[in-house]
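**Q** Here are the chains, one letter per residue:
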Amino acid sequence: MADEERPEEQPEAKPEEVTVEPAEKTEEKPKELPKAEEKKEGAEEEKPKKKKPVPKSKALDEIKKALGDTVLKAWVQRERRIYIAVKGENILDVAKTVQEMGFDHLSSISGVEYEDRMESVYHIWSYEKRELLTIRTLVSKDDPKIDSVTSIWKSADWLERETYDLMGIKFEGHPDLRRILLPDDFKGHPLRKDFELKAKPW
Amino acid sequence: MAQLSTTKLKPNEMLLNMGPQHPSTHGVCRLVLKVDGEKALEVEPVIGYLHRGMEKLAENRTYIQFLPLTDRLDYVAPLGNNQVYVQAIEELMEIEVPERADYIRVIMLELQRIASHLLFISSFGADVGAWTVLMYGFRERERLLDLLEMTTGGRMVYSYIWPGGVRYDLADGFVEKCRKEMEDLPKYLEDYKKYFYSNEIFLKRCEGVGILKKEDAVNMGVTGANLRACGLAHDVRKDDPYSIYDQLDFKVITEKGGDTLARFNMRLREIYESINIVNQALDALPKGDFRAKIPKILKPPFGEVYSRTEAPRGELSMYLVSDGESKSPFRLKIRSPSFCNLSAFPATARGAILADVVANFASIDIVLGDVDR
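From first to last, the protein sequence lines stand for chains A and B.
Under our numbering, think of the first position of the first sequence as 1, with each following residue one higher.
Under our numbering, think of the first position of the second sequence as 1, with each following residue one higher.
Quick caveat, the hints were computed from the structure, so don't treat them as lab data.
Please read all numbers here as calculations on a predicted model, not as lab measurements.
Watch out, some of these pointers could steer you wrong.
[What the hints assert, rightly or not] Restricting the straight-line Cα-Cα distance to at most 20 Å, the calculated cross-link-like pairs of lysine to aspartate or glutamate (EDC-like) are:
| # | chain 1 | residue 1 | chain 2 | residue 2 |
| --- | --- | --- | --- | --- |
| 1 | A | Lys141 | B | Asp323 |
| 2 | B | Lys193 | B | Glu255 |
| 3 | A | Lys154 | B | Glu42 |
| 4 | B | Lys251 | A | Glu128 |
| 5 | B | Lys214 | A | Glu100 |
| 6 | A | Lys154 | A | Asp143 |
| 7 | B | Lys327 | A | Asp194 |
| 8 | B | Lys296 | B | Glu90 |
All chains, full assembly: derive it from the sequences and hints.
**A** This is the structure we're talking about:
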């Protein structure tokens, strides 16, 4: 659910994991993640109070322990859905660590463009732990680039090419970063918010 | 554009284009092959011919307007696409689905899975030269499509699974007809088995072709029946259950070997398991509403959700981000099973004989609408 990462709107964010709060707890409030364009989420937050408690996740505790300060924020959304937020430049270390911990199936890579930042989001499933880890990484909007994780998961190859093609995030160290779905001579990256769909001229 | 080019060839090598229009590529997929005689040294899939920009379209439509478009992703199993999308909305908006709706969904999804696997069996037969079974498979699939048509009104695109439930209740007489079909189907499957497994040419063309090891499959993001064919028992319905799958009793089928034959066996055996699920759901079908009341205009609260399902082709997921203000998704990423399964294909096809490339390619069961989105 709501992943409101705006610290100022979370008066109740406590460092503890188990509360009766709907979505996620802010572990440490990230300095750079906030300030998305979502303004009035704070209000929506209050309503779903009486949800069932967010379960604890052993895997998440392990990850936090292994990564230490690299994790800007970590939270549990619901059973089998755990999230961490890290800086873009740390992705390679983080990926290596979580892969060694058993998160072996890179399910998808998505680029998301917010008003003030971009994010490269990795969804990683662990066949052994049966949990889905989401790594949200911050990427600068002016020069979107991040290290490639193809050396860790081969499935990242096409997924990164697709994200590069449609969103324009450059994956440094990718063996063969070129467009995959669109033609080579296509101009622009269609999933950017400033790319407008035009009606056909008839 | 393909990276393989004629400038880097040795004198005994040549480039061969298979597709974009080629019967064995099941749509508009192009395989660029570097061949030395009959041997394929390199294989490079070139995709994107069917790219419609679904993710961008989603951002420019309301939540409900995009639902019919999900039918066009994997057009061989559209109900699965409906399910994954609707599930994402429901999780974001915390919509409770009535129990009956969940049962109807599961019945429909499994019928769809059987229909999809039957299509696979038919077209796979055709790809390796067993043309008769093409007719058999389509004959049985037709009866399942009739069943689906009875309730959903559609035969190819359904838009049947709706936020909060399903669009219509089960048609009169559906349950009886469905039971009968589920009873008949195994008899036909026995025929298929006889047909395939007594055919030495078929076995020779499949055994040991395109072997994928378990570790590679995991690392390359292969999912679904292709992964289970390598021996890893993972099924999203079991390990990350959605809808009412956790209340049903079914087995996760696995095969050993990870070759083309194992992938074929997987689909054939999975049909039995699907029949089992449909029968259970029919037995336990509760009375009640088939759709919950939902707001006219869907406006999910701010948040994100990753919705995973086991589509006939593998793990189909959607990553939905809502900004809480607009009536359309802020971002919708579609993780399609065919795309990721296809990305592992070149590694298994390298060095094979040309004819084996075709059999191998057919066995991973991709749908180009799902690959290109």
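**Q** Now tell me, hint by hint, if it's right for this structure.
**A** Each hint tested on the structure:
| no. | hint | verdict |
| --- | --- | --- |
| 1 | A:Lys141 with B:Asp323 | holds, 18 Å |
| 2 | B:Lys193 with B:Glu255 | holds, 16 Å |
| 3 | A:Lys154 with B:Glu42 | holds, 17 Å |
| 4 | B:Lys251 with A:Glu128 | holds, 18 Å |
| 5 | B:Lys214 with A:Glu100 | holds, 17 Å |
| 6 | A:Lys154 with A:Asp143 | violated, 25 Å |
| 7 | B:Lys327 with A:Asp194 | holds, 18 Å |
| 8 | B:Lys296 with B:Glu90 | holds, 14 Å |
The structure is inconsistent with hint 6 alone, although it conforms to all the rest.
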